[in-house]
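J.: Position chain B relative to chain A; hints supplied.
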Amino acid sequence: MKNFIKLFSILVLFFFTITQSNSAEKIDYLKTDWSFKGLFGKFDRGSLQRGYQVYTEVCAACHSMKYLSYRNLGEKGGPEFSEAETKAIAASFEVTDGPNADGEMFERPAKLSDKFVMPYENVKAAQAANGGAYPPDMSVLVKARGGGVDYIYSLLQGYEEAPSGVTLDEGVHYNKYMYGNKIRMSAPLSEDIVEYGDGTKATVEQMSKDVTTFLMWAAEPHLEARHQMGFKAIVYLIILTILVYFSMKKVWSRVESEV
Amino acid sequence: MSDHEYVPSSKFGKWFNDRLPLLTLASHLTDYPTPKNLNYWWTFGGILTFCLITQIVTGLTLAMHYIAHADMAFESVEHIMRDVNYGWLIRYIHANGASMFFLAVYIHIFRSLFYGSYKSPREIIWIIGIIIYLLMMAAAFMGYVLPWGQMSFWGATVITNLFSAIPLVGEGIVTWLWGGYSVDNPTLTRFFTLHYLIPFLILGLVVLHIWALHVPGNNNPVGIDIKKPSKDTVPFHPYIVIKDGFALLMFMIVFAFFVFYSPNILGHADNYIEANPMVTPAHIVPEWYLLPFYAILRSVPDKLLGVVAMLSAILILAALPWLDTSKIRSAVFRPLYKQFYWILVADVLILGYIGAMPAEGLYLLIARVATAYYFLHFLVILPVLGFKEKTIPVPLSITEPILGGSPNLAMAKNKESLNK
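In order, the protein sequences belong to chains A and B. One point on numbering: in the working numbering, the residue at position 209 of the first sequence is 209, and numbering is uninterrupted. One point on numbering: in the working numbering, the residue at position 119 of the second sequence is 119, and numbering is uninterrupted.
This is chain A alone, in the form it adopts within the complex (with noise of 0.2 Å):
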């Protein structure tokens, strides 16, 4: 028993270094507190809906975010905006509907149930405004890159003059924690960009926080339920593990061999 312990450890163990240091190469990223991690983590409300404010004001002038819809922002686990909140913000929105009884397509303002709305009509559309790179989706963006918030957070505040020896086409930045160091989107952040209502200074720090933990909500908007529910059904497993545990000795003691 005690050497199975150990070497299946042992085997999980080496499991985890395989994984971690399959995600290519290891960059030293900004760090921060983040609230969502840990066995207990949840999100700050007021950080998403600060998150919520920036993304709006700054990264949906090119960045979609097609997966999300204006409930969403309302929901339980996300940044809770009161109904009459969420609703005001849908309606700030201008959808195309249709075709009508006449078989017209007309515009109206946004409702709950509708996805967000899109910057470009389409992906050509989208690389024709941003010199043929395309502002990707941020709908699932933090999972989708390795270094997840860590490297989003970083990624914003990473950029810098480009050092000598360093040449940049038209158009492009240097940014310290971009793969290959050259960026098409110049830096979106920029003190004060976005005027926060609940009075924090908008830094571009305390920005890139908001904004990576509302895009990581956008990415994972059961996170918290996850952890809540993961929490209960370990213990729920400890215990019953337990009691199995002194059930099987109990059944093996009639035996004379070991468990």
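These aren't lab readings, by the way, just hints derived from the structure by calculation. Be aware that one or more of the hints could be misleading.
Unchecked claim - With a straight-line cut-off of 35 Å between C-alpha atoms, the simulated DSBU-like cross-links for lysine-lysine are:
| # | chain 1 | residue 1 | chain 2 | residue 2 |
| --- | --- | --- | --- | --- |
| 1 | B | LYS228 | A | LYS6 |
| 2 | B | LYS327 | B | LYS388 |
| 3 | A | LYS201 | A | LYS42 |
| 4 | A | LYS250 | B | LYS388 |
| 5 | A | LYS42 | A | LYS87 |
| 6 | B | LYS227 | A | LYS6 |
T.: Relative to the frame of chain A, chain B by itself:
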């Protein structure tokens, strides 16, 4: 099978059992005499059954919401993750369940290697197991393609392209597999169909695997034939049921940590980018459980020979009962084999690690040495070892080592007497 005839107690039971002996089967499974010295490495058979059932149940549920179409697959997965009730849970169990399945199957296979469970009279159990393992790899590979992310698409492209190494007909076969001139919608729909089919083939083979097991009965850590039933055995229920249950619960705790706290750690980030035939990812890496074979494939400079080496690495296992010439089953009594066994384990782990690294420089060199050693182990070391190795005397019954008596030479059969 030495079960004494089972007679149902009720009249209806007897009537039914005379026509379809399900009750006899149930009685056989309950009473099945099992060596009482089985250690925890033997609990992975039960754990694997659990894994298979979990994959089938979650898979069926996912299939109700998934859309197998190149334009909609990625979106439908996001729909499952966001809008289907507990869809995220079902999908994360299914995705991590595949990894757990392979973790368990590798332990199961290496347990067999250590205790010589593949040897006579259990060759058929072993070969069925290898077929199950092959089908598992096929199912896992095709399952990974279904979310239609970048790694799905490019993984499918790389793996299906391997068939083009076949001389003359290779290109034709690849086109036939794709249903077109590149991986595209027809490929996705046929992969979905096969991904749905294979688990049921596996289920059928598992029944055969267990059936074949119940003919000679379980091997055991001492590796000797035991009389059944005897004081060396315990009935399957309750002894083995509760022990397997305990081990399964421990396994489920590990499983739950992955599902609830790091559900994406075993996957590749690129698979959250929708498939794009125009953009090739920087590194195309298969799932971790295929990495050792991927390393073998890449260690050979020639494409065709690489594919042959990779396939042989798996198929060679089927010949193992005949490659291993030693009559002693358990490595406990084979001091040399024991050492070579652990070298093989290290070798496979190294291959797995290298498989995740770029195939260049030192990595490539290590991969070549490790690949060569892998084949050396099975083709040279094992056959020779059976003749050269001086084994430790094997006890007559499993009661002896359990009671702690040192192996008594007078009571023990040695290798020579076994060979008679």
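J.: Could you run down the list of hints and mark each one as holding or not?
T.: Checked hints:
no.	hint	in the structure
1	LYS228(B) to LYS6(A)	holds, 32 Å
2	LYS327(B) to LYS388(B)	holds, 12 Å
3	LYS201(A) to LYS42(A)	holds, 23 Å
4	LYS250(A) to LYS388(B)	violated, 45 Å
5	LYS42(A) to LYS87(A)	holds, 25 Å
6	LYS227(B) to LYS6(A)	holds, 32 Å
The structure shown violates just one earlier hint, number 4.
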